[in-house]
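S.K.: Sequence:
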Amino acid sequence: GDTPQGEPPAAAQDATGPDLAPTPEPPEEYAYPDYRGKGCVDESGFVYAIGEKFAPGPSACPCLCTEEGPLCAQPECPRLHPRCIHVDTSQCCPQCKERKNYCEFRGKTYQTLEEFVVRGQRPPGHFAPPTAG
1175 GDTPQGEPPA AAQDATGPDL APTPEPPEEY AYPDYRGKGC VDESGFVYAI GEKFAPGPSA
1235 CPCLCTEEGP LCAQPECPRL HPRCIHVDTS QCCPQCKERK NYCEFRGKTY QTLEEFVVRG
1295 QRPPGHFAPP TAG
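Heads up: the sequence shown runs through residues 1175 to 1307, numbered per this note's numbering.
The hints are simulated quantities; they were obtained by calculation from the structure and are not laboratory data. All clues given are correct.
The calculated SDA-like cross-link candidates involving lysine to any residue, where the alpha carbons are at most 20 Å apart (straight line), are:
id: 1; residue 1: LYS1212; residue 2: ALA1223
id: 2; residue 1: LYS1227; residue 2: THR1240
id: 3; residue 1: LYS1227; residue 2: GLY1213
id: 4; residue 1: LYS1212; residue 2: CYS1246
id: 5; residue 1: LYS1212; residue 2: ILE1224
id: 6; residue 1: LYS1271; residue 2: HIS1255
id: 7; residue 1: LYS1212; residue 2: THR1240
id: 8; residue 1: LYS1271; residue 2: PRO1252
id: 9; residue 1: LYS1271; residue 2: ILE1259
id: 10; residue 1: LYS1227; residue 2: ASP1216
id: 11; residue 1: LYS1212; residue 2: PRO1244
id: 12; residue 1: LYS1227; residue 2: VAL1215
id: 13; residue 1: LYS1212; residue 2: GLY1225
id: 14; residue 1: LYS1271; residue 2: HIS1260
My request is simple: use the sequences and hints to build the entire structure.
M.R.: Written out as structure tokens, the structure is:
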């Protein structure tokens, strides 16, 4: 039994971890310095020089950095189909996301929100209690 006495276990020292102290938010001026006349900043804080092309965010259209700031012109986007139901606007140009508006069940096709009866199954909540035998 040569265990050294007097030292607390390692777990006790980690009880007050670094997670507890909240890191103070930097003030806005500090987070986004003013680059007007010098360059442009995107969503993630990356700096672009004047004359560079960049996209401010993952869903944004490409911009040209000018002395007045970013000049963002939406390019010629392909026209969406007039019967498009689900439009994906997560990219610069909106895109039509094909969404099946019907269900297939056992080889038959049903429209969305169309109710159909599944035969050969008991309706829920009407199960016969097991017979004691």
